[in-house]
Amino acid sequence: MFEMMIEILIKTVVILGLPLGALPLIIHVERRGAAFMQKRLGPNRVGPFGLFQPLADVAKFMFKEEVHPAHVRPFFYTAAPMIALIVAILPLACIPVAAPFEAFGRTIFPEVFRSDMGIFFAFAASALGSYGILLAGWGSNNKYSMLGALRACAQMVSYELSLSTSVVAMIFVFSTNDIHVMVAAQQGYWFNFIPKWGFFMQPVAAMLFLVGIFAESNRLPFDLAEGESEIVAGYHLEYSSMKFALFFMAEYIHMIALSTLFIIMFFGGYNLLPGLELIADKIPLPIALFQVASLVVKIALMVWFFVWVRWTLPRFRYDKLMDLGWERLLPIGIANLIVTVLFVYFRN
Amino acid sequence: MSIYYYLAAFLFCLGLLGTIFKKDLISILLCLELMMSGVALLFILFSKSTGFLGAQLMVIFTMIISACEVAIGLSLIIALYRKKQTIYTDDIKIITE
Amino acid sequence: MAIDIFLTIITVIFALMLVFSKRTVVSAFALLMTLLTLALIYFQLGSIFLSAVQVLINAGAIAILFVFVMMLINLEQFQNNREKSKIKLVISTFTMLVVLGVLALVINNNIETLSVNNLTDNSMNALFSKLFSTYFLPFEMATVLLLAAIVACIVITTHEKQLVEEETELHKMEPKL
Numbered sequence: 202m203f204e205m206m207i208e209i210l211i212k213t214v215v216i217l218g219l220p221l222g223a224l225p226l227i228i229h230v231e232r233r234g235a236a237f238m239q240k241r242l243g244p245n246r247v248g249p250f251g252l253f254q255p256l257a258d259v260a261k262f263m264f265k266e267e268v269h270p271a272h273v274r275p276f277f278y279t280a281a282p283m284i285a286l287i288v289a290i291l292p293l294a295c296i297p298v299a300a301p302f303e304a305f306g307r308t309i310f311p312e313v314f315r316s317d318m319g320i321f322f323a324f325a326a327s328a329l330g331s332y333g334i335l336l337a338g339w340g341s342n343n344k345y346s347m348l349g350a351l352r353a354c355a356q357m358v359s360y361e362l363s364l365s366t367s368v369v370a371m372i373f374v375f376s377t378n379d380i381h382v383m384v385a386a387q388q389g390y391w392f393n394f395i396p397k398w399g400f401f402m403q404p405v406a407a408m409l410f411l412v413g414i415f416a417e418s419n420r421l422p423f424d425l426a427e428g429e430s431e432i433v434a435g436y437h438l439e440y441s442s443m444k445f446a447l448f449f450m451a452e453y454i455h456m457i458a459l460s461t462l463f464i465i466m467f468f469g470g471y472n473l474l475p476g477l478e479l480i481a482d483k484i485p486l487p488i489a490l491f492q493v494a495s496l497v498v499k500i501a502l503m504v505w506f507f508v509w510v511r512w513t514l515p516r517f518r519y520d521k522l523m524d525l526g527w528e529r530l531l532p533i534g535i536a537n538l539i540v541t542v543l544f545v546y547f548r549n
Numbered sequence: 751m752s753i754y755y756y757l758a759a760f761l762f763c764l765g766l767l768g769t770i771f772k773k774d775l776i777s778i779l780l781c782l783e784l785m786m787s788g789v790a791l792l793f794i795l796f797s798k799s800t801g802f803l804g805a806q807l808m809v810i811f812t813m814i815i816s817a818c819e820v821a822i823g824l825s826l827i828i829a830l831y832r833k834k835q836t837i838y839t840d841d842i843k844i845i846t847e
Numbered sequence: 146m147a148i149d150i151f152l153t154i155i156t157v158i159f160a161l162m163l164v165f166s167k168r169t170v171v172s173a174f175a176l177l178m179t180l181l182t183l184a185l186i187y188f189q190l191g192s193i194f195l196s197a198v199q200v201l202i203n204a205g206a207i208a209i210l211f212v213f214v215m216m217l218i219n220l221e222q223f224q225n226n227r228e229k230s231k232i233k234l235v236i237s238t239f240t241m242l243v244v245l246g247v248l249a250l251v252i253n254n255n256i257e258t259l260s261v262n263n264l265t266d267n268s269m270n271a272l273f274s275k276l277f278s279t280y281f282l283p284f285e286m287a288t289v290l291l292l293a294a295i296v297a298c299i300v301i302t303t304h305e306k307q308l309v310e311e312e313t314e315l316h317k318m319e320p321k322l
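Chains as they are written, first to last, in our numbering: chain C, 202 to 549; chain E, 751 to 847; chain H, 146 to 322.
Hints are supplied without guarantee of correctness; some may be wrong.
Residues of chain C clear of chain H, computed beta-carbon distances all greater than 12 angstroms [unchecked claim]:
1. Ile228
2. Val268
3. Leu348
4. Tyr390
5. Pro485
Derived lysine-lysine pairs resembling DSS-like cross-links, with alpha carbons at most 25 angstroms apart [stated by the list, open to error]:
6. Lys834/E - Lys773/E
7. Lys773/E - Lys231/H
8. Lys834/E - Lys344/C
9. Lys231/H - Lys167/H
Honestly, the hints are just simulated from the structure, not real lab data.
Computed from a predicted model, the values in this text were never measured in an experiment.
All C-beta atoms, glycine included, are put in the ideal place defined by N, C-alpha and C.
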């Protein structure tokens, strides 16, 4: 019993703490990447390559005066940032970072919450994502905040549909809900060089999921929720200092969680990167370390992809966004689902 | 486990109370939702005590039906609000007038 | 056993908050919390799939709809100008107590048979093989019901005149190639 508790504690701290710890680095990559794409220098003064700039920002966030406007609804105003962050972290609890391995005389599953339908729980947790934003918009008691929150919520609800059609298609392809089985099914190669990743089985579902991630985490080109030109800053207009930082962190962690799910379903999850098996056999280190490293590299590439898209595409107009969600992506998703189901049915 | 039976009965009755004495339509719908969840909890408990798996499927059907009910109810409320600018049951008495 | 009582107390508190709070948004928030604690109870009873579905559908979609509609309708313009009718409260409390008494009596008489655990196979496979064999007709009917609900929502909430006007305005805004 005591060993179990220690194990769960360590898993919680490592798996949920790592993304939080990596956040300053991601923010730095984002700012430097933006500068790189716009032929600027970006933050490069504090520390080597400006690496300590995020730390300085964190210190600033902590010591800044907290402005508490008089016209807000106090309970919801205070609760909203916390709810946003907690809900963003929750899906990470179901995501494994390596294959189950033997240590200390028993099998250890490297995820906080082990279930044979982990993918369901991850999506159930990420479906709650719009509450933080909605409560922030309503609690701020401000028209711009309210408009931003309504926009964000409508957008998240409508893109969740096309996202779920692609998830259901992948569940049919792998015929399982267990993340470990899903990842194991993506091991190996076709013709000795194409990895058996879900992306090559279901490219349409992968594209739908990718667009869905951008919309769900309110990133550009879908960041209508905080369109500065029309509604000032959207739902976090009234927030300052640490409360604003919590929203900021929630957005990035939501992005990391969803892109980890994307990698698990479409890019082989914690399977070793192509070519790494040859090296991993010769080095006397546990295979789990290589798996964690592969997953981290894949997530880093995804984060870079987010930055890349952010500074490449312009923001959508709101009605165009809704058209894209309901009239383009949803029919494509349903058609893809039907084709997949027929294919799986006739294959068996 | 037996305490959950009383909880389910209590939720159902509380929802009933709310549907009778609440005044705006949205609160009434919320209370209906509470009644539904009480029934769903009862279904799961029955499936445990009788070993009959079909009762758990009834929970899925309750969820589908409550989703339909809420969607149609809320759209009716919005249509009513557009027409009358009110959502209170006291204000809607065309038949008696 | 302790966790059963704990979850029950929390659920009861949120349910009371739902019914007796004066602001409707607080009620909706309490509904969300009630649904989440119920999901925990399902989890504790061993219906893991149903608890995930409860969070995904009831808490993730239905409660969001409520909050969304509340924000579309500005509720605060109505608040605090309604007189309370005592008779209604008395009648509803009486009804509730009667129904609760009957239910509690029924439960009390059968508590030994009700609190045994006879369920052996609680897995998702067992559940869904039942759904797609014995319960296939209700399942199909539920899909038809959902489709009808979608159509009904669209028909109820759109005015024909408004739709035509919006479309013409949008066409004016399109850049001509």
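Taking the hints in turn, this is what the structure says about them:
Consistency note on Ile228/C: stated as away from chain H, and its beta-carbon is indeed over 12 angstroms from all of that chain's, at 29 angstroms minimum. Non-interface status of Val268/C relative to chain H is upheld: no Cβ of that chain comes within 12 angstroms, the nearest being about 24 angstroms off. The non-interface label for Leu348/C is inconsistent with chain H: the shortest C-beta to C-beta separation is roughly 10 angstroms, within 12 angstroms. No Cβ of chain H comes within 12 angstroms of the Cβ of Tyr390/C; the nearest lies about 31 angstroms off, and the non-interface call holds.
Under the 12 angstroms C-beta cut-off, the non-interface status given to Pro485/C relative to chain H holds; the minimum distance is some 39 angstroms. Restraint check for Lys834/E and Lys773/E: the C-alpha separation of about 16 angstroms stays at or below 25 angstroms, so the hint holds. Of the pairs offered as hints, the one joining Lys773/E and Lys231/H holds, with about 13 angstroms between alpha carbons and a cut-off of 25 angstroms not exceeded. At most 25 angstroms may separate the alpha-carbon atoms for a hinted pair to count; Lys834/E and Lys344/C meet this at roughly 24 angstroms.
Between Lys231/H and Lys167/H, the direct Cα distance comes to roughly 16 angstroms. Compliance with the 25 angstroms bound is thereby established for this hinted pair.
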